[in-house]
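There are 2 protein chains.
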Amino acid sequence: MAILRHGGASQALSAATVRRLATSPSARQAFAQGPARQAVAAATSGARMASSYYKGEPDAPIVKTDIPGPKSQANITKLNEVFDTRSINMLADYTKSFGNYIVDPDGNTLLDVYAQIASIPLGYNNPALLKEAQSPEMASALVNRPALGNFPSHDWAEILETGILKVAPKGLNQVFTAMAGSDANETAYKAAFMYRRQRDRGGPAVEFTAEELESSMNNQAPGAAQQLSILSFKTGFHGRLFGSLSTTRSKPIHKLDIPAFDWPQATFPQLKYPLDQHAEENARAEADSLAEVERLITSYHVPPCAVVVEPIQSEGGDNHASPAFFRGLRALTQKHGVLLIVDEVQTGVGATGRFWAHEHWDLPSPPDMVTFSKKAQTAGYYFGDPALRPNKPYRQFNTWMGDPARALLFRAIVRETERLDLVRRTAQVGDYLFAKLEALAAKHPGQFENLRGKGQGTFIAFDNPRRDDFLKKAKKFGVNIGGSGQSAVRLRPMLIFEESHADILLEALEKVVTTW
Amino acid sequence: MAILRHGGASQALSAATVRRLATSPSARQAFAQGPARQAVAAATSGARMASSYYKGEPDAPIVKTDIPGPKSQANITKLNEVFDTRSINMLADYTKSFGNYIVDPDGNTLLDVYAQIASIPLGYNNPALLKEAQSPEMASALVNRPALGNFPSHDWAEILETGILKVAPKGLNQVFTAMAGSDANETAYKAAFMYRRQRDRGGPAVEFTAEELESSMNNQAPGAAQQLSILSFKTGFHGRLFGSLSTTRSKPIHKLDIPAFDWPQATFPQLKYPLDQHAEENARAEADSLAEVERLITSYHVPPCAVVVEPIQSEGGDNHASPAFFRGLRALTQKHGVLLIVDEVQTGVGATGRFWAHEHWDLPSPPDMVTFSKKAQTAGYYFGDPALRPNKPYRQFNTWMGDPARALLFRAIVRETERLDLVRRTAQVGDYLFAKLEALAAKHPGQFENLRGKGQGTFIAFDNPRRDDFLKKAKKFGVNIGGSGQSAVRLRPMLIFEESHADILLEALEKVVTTW
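Protein sequence lines correspond, in order, to chains A and B. FYI, our numbering numbers position 339 of the first sequence as 469, with every residue one higher than the one before it. FYI, our numbering numbers position 288 of the second sequence as 418, with every residue one higher than the one before it.
Quick caveat, the hints were computed from the structure, so don't treat them as lab data. Note that this is a predicted model, so its numbers are computed, not measured. C-beta: ideal position from N, C-alpha, C; glycine also. Any given hint could turn out to be false.
Said to hold, decoys possible - Residues on chain A that point at chain B, a partial pick, calculated with CB under 10 Å: (1) Asp-234; (2) Asn-255; (3) Tyr-403; (4) Gln-407; (5) Arg-484; (6) Tyr-562.
To be verified - Stretch by stretch, here's where chain B covers chain A in the computed footprint (C-beta under 8 Å, at least three residues): (7) 450 to 463; (8) 525 to 532.
As the list claims (entries may be wrong) - In silico lysine-lysine, DSSO-like type, Cα no more than 27 Å apart, as pairs: (9) Lys-381(B) - Lys-522(A); (10) Lys-522(A) - Lys-602(B); (11) Lys-602(A) - Lys-381(B); (12) Lys-208(B) - Lys-522(A); (13) Lys-522(B) - Lys-522(A); (14) Lys-603(A) - Lys-522(B).
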């Protein structure tokens, strides 16, 4: 195995891991092709961290065929026999993907600023994460999967405190663990319903009535809380299961034919860009939105017990609002005794230049709950008020309640992010990228409209009138980008995206709009 | 490291893995204490499989302290600061647990016939699964987690076909992958709603109306299918999120204060035991239930598009019905054009002596969908009719759509189960255990009431009038057992549970009822 001697991550893989790669045919197989081997080499070279975390990355994208190419197409045809393939964007060969680059079976190597719908934090085949993934502790977590509510491991508290809770939002020191964004949000909603009903009932010591017990089993009020709702915002996205989908207001195709609860929606402020040129009307839009929220809280026929909101509406098209708006929302919810749930499934874990996007708001008091998933690679909701634990056991419960294997991975993600100061770096790289995009937008009018995400790390988007074609063309120029909403091109690089990657991205974007 | 030279599994771990254990401090750490090292020794001894799969298991339970003992209690107190611990049954040390035995931090070593709420298939620290868990392929799956609907890996079809789909129920050759039982059921429900609305609309080519598009965004009919429901059975359990909880009818504590859909429930046949002594009235109960199902299908004000049923109602107390009942249900649903969803989350993967419990029914045509999770360690729903793929992409979709790491683990579970013929063995061991329990019940009248699960592998239960005390006392005699429903003691051993384990269990059960 060639050992490449350029700078790499300073935390070396264990000698045993390297020895295994050198001696085990099966281990070698996974690393033999593609740049993954270079990660190991870089990570074990012991050199100080260079400016680029991933020294083994390609210098630039490589586009060999149309995407999908012939090999990918053959695989897709085979997969389609057993698995719906109509939403496939591109097939990937993850044994060859590396760092910021995703590689497909035809050898196309694209700079990936979509990152599995914003869910890869530290790059493909990240050496530190591979080390964690091959640890005996991980193997045990995979094989001995507990029912966490009944039989947690002796070190579950420690795993939480050194991982998920180490990065808990300020003021929220407890967690309910879950599997993905949808159930993170839905369990948070459940906590909100139980909290509110308990308060209305007169406190945790008040027993359920016979009528409540009986009606709950028939899916009827008062036992089933049909009399309460969750308020969400138009163009918001909170998941795809029945409760979360009832708060999702992204597109009809996400909601059609699925029963939904009669829950209210408020208009999310529709800001105009650049923000500094539309300060007055934007402030008015935010005030109107808050007024609508208050009206719905006080007069909707199924009153909300909680408001759920994304710091930046992501699937809905990267819709922003100001810190003042969110401070107003916090004040409103407190005034009316309604909980505030901040959905950080897409915005969380560093991409906005803060670990949690709501840190940008300078709230006087924290949200009641913050949900997370995606780049955390595990999921759940944080909370602080002990009263958000329901008054009896087994009210908030399920078999697995998350996955310790994924919790271990998040801990490794947190450690690596802190070690390399990647949140601060993402803020820097985001500023660099945004400034260059502003210049590009000025140079090519109408192509990079409503550029947004200034000061929000790399969580940047713009609109293009031919968005779907834009995304397809970007692949030809070596970049994998995602869209959202009606016309948004959304950038969702990983936390290891650097200025050099930004330059490659910018060059490709300019090619797209100059070759229509 | 001591190498124990008794018989073990014939599939040896790779030499590299053993070498790593021998040379890596971190790897050794996880295996240094407790019996896990013996599994590796057994698996690598190369001897033919002996009668017992797990040669390194303790010979018998060891009870050193009350449970929780002092070390466990200290851990629980610490954990409680950040995580709700009121539903903890016992703390576990999974580095020391092995095979059928769960070990706690105080050194208590219990025969585990609850198995993480029926979700551990092949024993703690199973050597074949540990090998899979430490493979480079698993590390890649953990670190490079794809958005499966957008960017599946080039080998995803192969992983499915050699794993999840290798054991697909007859006639159901496609799968939608999910994370756990709740979202497996809810995505199956979503498929049912979309299927039915598409049919009512006139087929997949008919476009949505403007009214449907608009009303769906407001959570109103006709776009949101408030006009349709899922029919479930009283005392059934299908999960805890908003849609699945609307079909769950287990206990008020599971449902109170959570909004639910106005969906119908039918009475599940309440059979009397022993079955052969109550044939006539049981047949009447089943006929009554089917009549009620038909009445609800044809007259409930929110008509069902699907019926969901467990082969054995598990959380609800191990309620059985005959194959004839389920054949009748299949006929009824077909007659009325309603889909049949069989929830095999707890019954699937071998414990009933068939890989899928519904194989006991000899259905003339397969269910429309079968959901799975728990012992599969991954989740999803199987289906066969291509029309169950919605007519457009992105209708059934979410970011992760399952987890390839867990799909790899299920493949290893399938391989090991087949290699050791564990489903057939479970049928044998179940017959042995049931016969002994019948004798015990006859010897101790009133203590093992309504013994049920004959011919259903080790999926056995009975009622005890002091059930909660029964379960607590069982721990004192070295056995970890779960309850369900009002008074059921449910046995959920792993697939590696053998006659020798049954003897230990039986001895403990007798001690429980003779020392009140």
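Status of the hints after comparison with the structure:
For Asp-234(A), the suggested interface contact is upheld, since its CB lies about 8 Å from the closest CB of chain B, less than 10 Å. The beta carbon of Asn-255(A) comes within 6 Å of a beta carbon in chain B, closer than 10 Å, and the hint placing it at the interface holds. Look at Tyr-403(A): its Cβ only gets to about 25 Å from chain B, farther than 10 Å, so that hint breaks. A cut of 10 Å between beta carbons decides the hint on Gln-407(A): the least distance to chain B is about 31 Å, and the hint is violated.
The restraint placing Arg-484(A) at the interface with chain B is violated, with a minimum CB-CB distance near 22 Å, outside the 10 Å limit. Interface hint at Tyr-562(A): violated, since its Cβ lies 27 Å from the closest Cβ of chain B, which is beyond the 10 Å cut-off. A count of 0 residues in the segment 450 to 463 of chain A with a Cβ less than 8 Å from any Cβ of chain B is obtained; the coverage claim is therefore unmet, three being the minimum. As drawn, the segment 525 to 532 of chain A meets chain B at 6 residues by the rule of a beta-carbon pair under 8 Å; at three or more, the given contact holds.
A hinted pair counts as satisfied when its Cα atoms are at most 27 Å apart, and Lys-381(B) with Lys-522(A) qualifies at roughly 13 Å. A C-alpha spacing of about 20 Å is found between Lys-522(A) and Lys-602(B), which places the hinted pair at or below 27 Å, so the restraint holds. Proposed proximity of Lys-602(A) and Lys-381(B) is contradicted: the alpha carbons are some 51 Å apart, above 27 Å. Distance hint between Lys-208(B) and Lys-522(A) is fulfilled; the C-alpha atoms sit about 19 Å from each other, no more than 27 Å.
Of the supplied pair hints, the one linking Lys-522(B) and Lys-522(A) is violated, its CA atoms being roughly 43 Å apart against a limit of 27 Å. For the hint linking Lys-603(A) to Lys-522(B), the alpha-carbon distance of about 23 Å falls within 27 Å, and the restraint holds.
Hints 3, 4, 5, 6, 7, 11 and 13, counting from the list given before, are not met by this structure.
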